[in-house]
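J.: The whole structure should be built from the sequences, with the hints applied where relevant.
If you read the sequences in order, they're chains V and C. Heads up, the first sequence stops at 368 in our numbering, and the numbers go up one at a time, no gaps. Heads up, the second sequence stops at 1127 in our numbering, and the numbers go up one at a time, no gaps.
These aren't lab readings, by the way, just hints derived from the structure by calculation.
Covered stretches of chain C (chain V as the covering partner; in silico rule of three or more C-beta atoms under 8 Å from a C-beta of chain V):
id	stretch
1	713-725
2	761-769
3	867-876
Computed from the model, here is a short list of chain V residues facing chain C with C-beta under 8 Å:
id	residue
4	F57
5	A60
6	S61
7	D166
8	A172
9	R177
10	G187
11	L266
12	A268
13	A269
14	A273
15	S275
16	F313
17	Q323
18	S324
19	H329
Quick reminder that beta carbons are idealized off the backbone N, C-alpha and C, glycines included.
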Amino acid sequence: MFYREVGQFKSTYAADMAIFPIRQDRIGIMAILAAAAVGVPLIANDFVLASIMIPGLIFTLAAIGLNILTGYAGQISLGTGAFMGVGAYAAFKLASAFPQVNVIVWILLSGVFSAGVGVVFGLPSLRIKGLYLAVTTLAAQFFLDWCFVRVGWLTDYSSSGAIEAARRSLFGVAISGPEATPLSRYFVVLGLVVFLTFIASNLVHGRIGRTWMMVRDMDIAAELMGVRLLPAKLLAFAVSSYFAGVAGAMMVFFWLGAAEPSAFSISLSFQVLFMVIIGGLGSMIGSYFGAAFIWALPVLIKFAPNLFGVEIQSATVEHANSMIVGALIIFFLIVEPHGLARLWAVAKQKLRVWPFPW
Amino acid sequence: MLGRYALAFSMAMAASVVLPPVAKAQDSLYVPLLTYRTGAFAGSGIPIADGMHDYLEMLNQRDGGIGGAKIVYEECETGYTAQKGVECYEATKGKGALMYNPWSTGITLQLIPKAGVDKIPVLSMAYGLTAAADGKTFPWVFNPPMTYWDGASVAMKYIAAKSGGLDKLKGKKIGFIYLDAPYGKEPIPLLEMLAKESGFTLTKYPVPGDKMQDQSSQWLNIQSDGPDWMIMWGWGAMNPTAVKEAVKVGYPMDKFIGVWWSGSDDDARAGGAGAKGYLTLNFHGTGAAFPAIADIKKHVVDKGLSTLKDPARLGENNYNKGVYNSMLIAEAIRFAQKKTGKKAVDGADVRAGLESLDIDAARIKEMGLEGFMTPVKVTCDDHSGSNAVYVQQWDGAKWVKVSDWMEPMKDKVRPLLVADAAEYAKKNAPWPVRTEPCGGR
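T.: Structure follows, in structure tokens:
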């Protein structure tokens, strides 16, 4: 009733293949974008922007990257954290070597480096499948981790082994470094994430996305249909690592401000993998839900007792946090094994037929 | 229609997320404590958090705060991770935080550039970026009573004294086992310089952060290399594991010196009877036999206000480190109050207070910490002070002081430190030029 597409006729192929073929969806996405661009900055304070919105969006981008690889192309990867690290170190090196070029250019370019690394570690995917592939990507994680610690050139031989976000601005407004306000960083992050989501969404809805899904569903059948497996899989690795790399660069420049090698450890890979699984494999909106669930929820729980003036020891909250989030993960996976994105789809269907139950 | 409800609901949700600005209570001093009672480093973090908490609570109970203003402290759990550390910083800085004690080199590195912008000083007590001791480059960062390089130089001094002089170090093999993180890598430049000067060979044994509890390969290498002395820069679960492994491979424990962060009572206990003889550096007394600690027992522990789970652990090494840190917090605020004449000081005032910090023998006695510490003086140039350190030895049940208070090799450390600070400023160009007046706001 609320969500019926009755009367919306499509007269062109383009309209039929649009990302949002239904008018309600188009209105909805515009409303969400407007809320994110205008509403959030108006009502959220610095803490919400800096600790929930910015990291949430950055994790969303990383989750989209992994979702392309795992959800759409069916290749399991445990190396996302390391690929994010490659992007971060590449952006750091580029930004310090060429300070005159705008940092956003370098952040977008840094993904190219992680794409290259991703392709190299994606090569075994032609022969190795499933869990075995996970092990080779795990090797990528450990090898790159080792590089971040050992190769001094990556950190410009800093004695502490950490990289720091340079002070950079856009149109005279500081967007990275300590002077950048959460608001300006939020706008940059929002802009980049929306732009890259748009690109990713177009990729997976088009010919390339369909080849990936064919490879995922049955690679032999895909091969017989004329899909060349090696380019298809490597392209998935490249695109996925590109998104992860850009997310990693954004993590250092727009969120943390500095990062030691341990920031890109295996636990980061798992964090992103959980986002993809909880959010829903093979779904763009799922990446957003997953990032919100895994990142924002614990932050809210952590600071919720404070908001209501309840005095609880911070360590107790932390333990409770792990238990609550863990229980919720199990709950959601039992109720809906296909992730939050599926719940969303079910909700949409329910709205469509309401008030009738079928 | 439902859509409108959903929108209203989500607006309400979003609005409830927005934290209300915390009204600053009259004459209160807000100090956020970034602690970690969870995660792989909780073993080290819990006693420290207890010590910091209990000393501040004691001041509230006994003296009604500092200079008549009550201390409002709040713990925020970082789990020793940079992600959560930044989160805690963002969550608490708006409430009028007077200073930050990150308790992690990684989090310190993140806060250093922010400190000057947000006008909240960072106190990294005997950890963090060594170069931050250069007050000209880092006006907002303080690392008293000494830096890692000072500590490494004292360890070498002790080794030299035991070997019969600095010139006797030639040809000796010294092993350095460290946590492979910014923290563990800090002393390497100084040790390498000393190795070149004195002619000993330095062998490095890095322990990756995720392999802290499995050091068998490192200790097998140590066994086959047979270094004359071992120096350790460890933290969290790395320490007890290293002590255990050293006992297992039969390394002579009285030739094994840990930094002050490797000297928790639990670290040494892990080695059992074999750990007897294990040495660590220290910059404060251990045990509960100090009037200030007795006051903590009387005003906090006995009243049930302490976070300490087992009262018998009052006065353990890491607990006392927490006490020392809170003492520095309180003294910095006291100096800030003295300087400005205000009761409720702000971050910039506390920076000035830290910069004029001068805890002399008389004040130490007044605080009830005689014998616990040596005088600490911070100047505008030197934000660390290169104060004295002593060596303590585990006797199987407690720590025993086995050396005098030893001055670090300041002549060697200082030039290296100033050069490193300049290097940091160059790499992070444009690094702001110091505009804060000496000891002022």
